[in-house]
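Chains as they are written, first to last, in the numbering used here: chain S, 155 to 520; chain X, 212 to 524.
The reader is advised that the hints may include incorrect statements.
[As the list claims (entries may be wrong)] Here are the computed distance ranges between Cβ atoms for each label pair:
(1) 465/S - 304/X: 37 to 47 Å
(2) 325/X - 491/S: 23 to 33 Å
(3) 379/S - 278/X: 19 to 29 Å
(4) 304/X - 383/S: 53 to 63 Å
(5) 347/X - 494/S: 44 to 54 Å
(6) 228/X - 462/S: 39 to 49 Å
(7) 284/X - 462/S: 21 to 31 Å
(8) 402/S - 348/X: 48 to 58 Å
(9) 284/X - 498/S: 29 to 39 Å
(10) 228/X - 502/S: 48 to 58 Å
(11) 502/S - 304/X: 49 to 59 Å
(12) 162/S - 334/X: 18 to 28 Å
(13) 284/X - 383/S: 30 to 40 Å
[Claimed, not checked] With a straight-line cut-off of 27 Å between C-alpha atoms, the simulated DSSO-like cross-links for lysine-lysine are:
(14) 513/S - 280/X
(15) 517/S - 312/X
(16) 326/X - 312/X
(17) 280/X - 166/S
(18) 156/S - 495/X
(19) 280/X - 517/S
(20) 517/S - 166/S
(21) 156/S - 280/X
(22) 166/S - 298/X
If you're looking for bench data, these hints aren't it; they were derived computationally from the structure.
Note that the coordinates shown come from a computational prediction; the quantities given were computed from them, not determined experimentally.
Don't be surprised by glycine CBs; every beta carbon is placed ideally from N, CA and C.
Each chain is listed here by its residues.
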Amino acid sequence: MKSLSRLGAIIKKEVLQLSRDRLTFGMVFGLPIIQILLFGYAINTDVRNLKTAVANQAGTHLSQQFVADLRASQVVRIIAAVETADALESLLRRGEISIGVLIPADFDRRVADKNRAAVNILVDGSDPTILSVANRLRSMPIAFDSAPAREQRQDLIEIRPYYNPERRTPVNIVPGLMGVILMMTMMLFTAVAIVRERERGNLELLINTPVSSAELMIGKVTPYIAIGLFQLAIILAVGQLLFDVPIRGSVVDLYIAGSAFIAANLALGLLISTVTNTQFQAMQMTVFILMPSILLSGFMFPFDGMPVVAQYIGEVLPTTHFIRLTRGIMLREAPLGELTKDLYYLIGFTLIAMTIAAKRFTKRLD
Amino acid sequence: MSSQFAIESRGLSKHFGDLRAVSRLDLDVPRGQIYGFLGPNGSGKSTTIRMLCGLLTPTSGTADVLGTKIPGKANLLKPKIGYMTQKFSLFGDMTVQENLKFISEIYSYPARDRKRRIDDLVEKYDLISQRKQLAGTMSGGQKQRLALACAVLHHPELLLLDEPTSAVDPQSRRDFWANLFRLAETGTTIMVSTHYMDEAERCHRLAILDRGVKVADGTPQELQAATGMHIVEVIADNPYAAQAAIDGRAEIASVTQLGVRLRVLIPERYPNPIDIVSNALASKNVSGDTTIATPSLEDVFVAVTMQPREVGQ
Chain S
155 MKSLSRLGAI IKKEVLQLSR DRLTFGMVFG LPIIQILLFG YAINTDVRNL
205 KTAVANQAGT HLSQQFVADL RASQVVRIIA AVETADALES LLRRGEISIG
255 VLIPADFDRR VADKNRAAVN ILVDGSDPTI LSVANRLRSM PIAFDSAPAR
305 EQRQDLIEIR PYYNPERRTP VNIVPGLMGV ILMMTMMLFT AVAIVRERER
355 GNLELLINTP VSSAELMIGK VTPYIAIGLF QLAIILAVGQ LLFDVPIRGS
405 VVDLYIAGSA FIAANLALGL LISTVTNTQF QAMQMTVFIL MPSILLSGFM
455 FPFDGMPVVA QYIGEVLPTT HFIRLTRGIM LREAPLGELT KDLYYLIGFT
505 LIAMTIAAKR FTKRLD
Chain X
212 MSSQFAIESR GLSKHFGDLR AVSRLDLDVP RGQIYGFLGP NGSGKSTTIR
262 MLCGLLTPTS GTADVLGTKI PGKANLLKPK IGYMTQKFSL FGDMTVQENL
312 KFISEIYSYP ARDRKRRIDD LVEKYDLISQ RKQLAGTMSG GQKQRLALAC
362 AVLHHPELLL LDEPTSAVDP QSRRDFWANL FRLAETGTTI MVSTHYMDEA
412 ERCHRLAILD RGVKVADGTP QELQAATGMH IVEVIADNPY AAQAAIDGRA
462 EIASVTQLGV RLRVLIPERY PNPIDIVSNA LASKNVSGDT TIATPSLEDV
512 FVAVTMQPRE VGQ
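Make the full structure from the sequences, and use the hints.
Below, the structure is given as structure tokens:
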């Protein structure tokens with residue numbers, strides 16, 4: 155009974171202080187919205203409108219038809235026409251174009267000859283994304299209008315894009331972004347919340363009262379669970395309204411997974427607060443965990459494509475498991491029952507981190 | 212519980228690496244008294260207070276605080292002690308009322324009496340007009356009154372105050388001490404650390420700490436009676452020249468200037484202190500009136516902290 159009243163006192167105090175801290179309060183609501191807008195609009199792996207120059211040395215009807223087809227593909231945006239291959243190379247070197255198209259003088263003859271390439275495409279291969287886009291240009295058909303249509307060749311392999319047929323990046327990014335935003339705010343707020351009290355001297359007062367370590371820790375993180383769930387709602391709403399990201403699975407499942415993930419990050423934040431002495435250290439530590447969580451969790455790059463060592467690191471991070479859960483539930487309509495492995499990992503992670511944090515946090519100064 | 216002492220420590224020591232912050236401290240703090248802890252900065256006052264309330268684990272030695280063994284179950288002790296930190300440690304972004312309410316909840320003060328107790332404290336500690344003010348925006352004196360109100364809210368048997376008056380003006384200090392005496396009268400034991408002589412003089416008993424070692428303890432009167440020094444006061448037209456004439460002689464323990472007066476400490480083993488000083492002045496042709504004075508607490512402090520000691524022996 156006394157314990158419950160102390161816990162209530164800590165929670166009330168946290169909420170009161172949070173409501174007075176305008177910057178943090180603004181961060182709670184502003185951060186998810188700004189992040190989702192930034193990531194949603196800026197990150198686009200489906201590249202279009204690459205700057206391109208054309209050197210059309212043939213100048214025939216067929217070659218002009220080919221250039222028009224290129225333009226119509228929207229993959230490239232033709233910004234210059236030059237005469238020679240050297241001129242293309244120089245534009246490429248100066249970074250003014252990403253792709254140079256060289257149509258040789260004997261273009262028509264080459265088109266007819268199946269054994270020779272008709273067009274040369276010069277690519278700034280330093281960016282693999284551009285290179286892979288340029289590869290798509292290879293499949294463009296070129297043929298004389300008058301020539302009989304070549305027999306339709308059946309593709310050996312047919313690709314059927316499930317879950318995201320329009321290949322829209324936000325559909326993949328937004329569920330991942332939920333993980334990144336939640337981890338950023340949850341971990342940072344809790345890590346800083348305790349360290350700030352230590353810096354201000356409040357902790358010396360608190361640990362001299364009958365309040366127990368567990369009451370203090372649980373009381374401090376409880377308000378943030380509500381905040382985390384609220385952020386989850388913001389991201390889902392913005393994702394749906396602006397980016398048309400579907401929630402194909404159950405929202406309840408999503409919230410269960412979200413709660414487990416929020417708890418894992420709060421526990422991690424508490425753990426950070428027990429090993430750091432200043433807010434600055436706590437922030438550095440948060441960034442130290444944040445970077446791999448963005449890069450190695452499958453948020454940015456497909457998890458299976460990463461080197462094995464990076465995959466091991468990724469497996470440890472709660473964000474990796476949460477992103478699997480959100481993508482599974484939101485995009486693949488998977489019930490939580492089929493994703494228990496990731497859910498259990500999050501719960502296990504929370505328990506372990508919480509235990510270590512409570513062990514490390516003593517009501518003493520030495 | 213039946214012990215006449217609120218605090219009894221034996222051989223209490225705390226080392227931080229090579230630094231001996233507190234060495235073999237024996238303390239007996241009687242119940243219901245104000246016990247002063249006098250010492251310069253870095254003498255181990257805060258460290259001792261933190262050990263006594265269980266915030267720091269002693270390197271060696273033990274203490275019995277209100278019947279609880281230290282080191283041990285300090286948690287049993289928390290409801291019975293009030294602690295006021297050196298630095299203001301209440302919540303600056305909460306009002307006076309909110310801070311007091313929070314403290315009352317943390318100490319599980321009976322819910323139906325809470326409001327009355329807070330009203331009572333706000334009035335007693337002169338915080339009525341600050342009630343809705345954020346604690347962080349208050350003056351040093353107001354912060355200190357709030358800190359004391361929070362420390363005594365749950366009626367602790369023992370109050371540990373770590374340099375409570377270091378950030379407040381003289382009037383606030385006087386009021387603060389009036390509050391302490393009122394608390395002591397109701398049976399609260401108060402341990403207060405300070406580096407002000409006038410505050411030390413108000414204590415029922417005090418211990419003088421120097422570099423982690425207790426160099427003297429007793430009532431202020433006992434300490435003054437046992438300095439082991441003659442005090443010669445010199446009134447000179449040119450105190451600077453007088454000081455130059457006296458200082459440095461083998462018999463002289465210390466010379467301190469107070470305006471036009473000099474206070475000269477001479478160990479008791481020299482039988483004629485007046486002659487020693489007069490001769491010293493005469494040899495340099497400096498004029499001055501010499502009289503024997505009774506030792507003040509400051510003289511005691513100078514006397515006990517000046518002997519070079521083997522630290523940690």
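Hints, one by one, checked against the model:
1. Separated by about 44 Å at the C-beta atoms, residue 465/S and residue 304/X satisfy the suggested range of 37 to 47 Å.
2. Hint check: residue 325/X to residue 491/S, Cβ distance near 49 Å, so the stated range 23 to 33 Å is violated.
3. Distance hint check for residue 379/S and residue 278/X: the Cβ-Cβ separation is about 41 Å, which falls outside the suggested range of 19 to 29 Å.
4. Separated by about 25 Å at the C-beta atoms, residue 304/X and residue 383/S break the suggested range of 53 to 63 Å.
5. For residue 347/X and residue 494/S, the hinted distance range of 44 to 54 Å is satisfied, since their beta carbons lie about 48 Å from each other.
6. Separated by about 44 Å at the C-beta atoms, residue 228/X and residue 462/S satisfy the suggested range of 39 to 49 Å.
7. One distance hint, 21 to 31 Å for the beta-carbon pair residue 284/X and residue 462/S, is violated here, with the actual separation near 51 Å.
8. Restraint check, residue 402/S to residue 348/X: a C-beta distance of roughly 53 Å satisfies the suggested window 48 to 58 Å.
9. In this structure the supplied range 29 to 39 Å holds for residue 284/X paired with residue 498/S, their Cβ-Cβ distance being about 38 Å.
10. Checked against the given bound of 48 to 58 Å, the beta carbons of residue 228/X and residue 502/S, roughly 39 Å apart, lie outside it.
11. Evaluation of the 49 to 59 Å hint for residue 502/S and residue 304/X yields a failure: the beta carbon distance comes to about 36 Å.
12. Checked against the hint of 18 to 28 Å, the pair residue 162/S and residue 334/X passes, with Cβ atoms roughly 27 Å apart.
13. At about 39 Å, the CB distance of residue 284/X to residue 383/S agrees with the hint of 30 to 40 Å.
14. Between residue 513/S and residue 280/X, the direct Cα distance comes to roughly 23 Å. Compliance with the 27 Å bound is thereby established for this hinted pair.
15. Annotation: proposed proximity of residue 517/S to residue 312/X holds, straight-line Cα distance about 22 Å (limit 27 Å).
16. Restraint check for residue 326/X and residue 312/X: the C-alpha separation of about 8 Å stays at or below 27 Å, so the hint holds.
17. With a CA separation close to 34 Å, the supplied pair residue 280/X and residue 166/S exceeds the 27 Å bound.
18. Between residue 156/S and residue 495/X, the direct Cα distance comes to roughly 75 Å. Violation of the 27 Å bound is thereby established for this hinted pair.
19. At most 27 Å may separate the alpha-carbon atoms for a hinted pair to count; residue 280/X and residue 517/S meet this at roughly 17 Å.
20. Between residue 517/S and residue 166/S the alpha-carbon distance is near 21 Å, which keeps this suggested pair within the 27 Å criterion.
21. For the proposed pair residue 156/S and residue 280/X, the alpha carbon gap of about 24 Å is at most 27 Å, so the pair holds.
22. Our distance criterion of 27 Å between C-alpha atoms is met by residue 166/S and residue 298/X, whose separation comes to about 24 Å.
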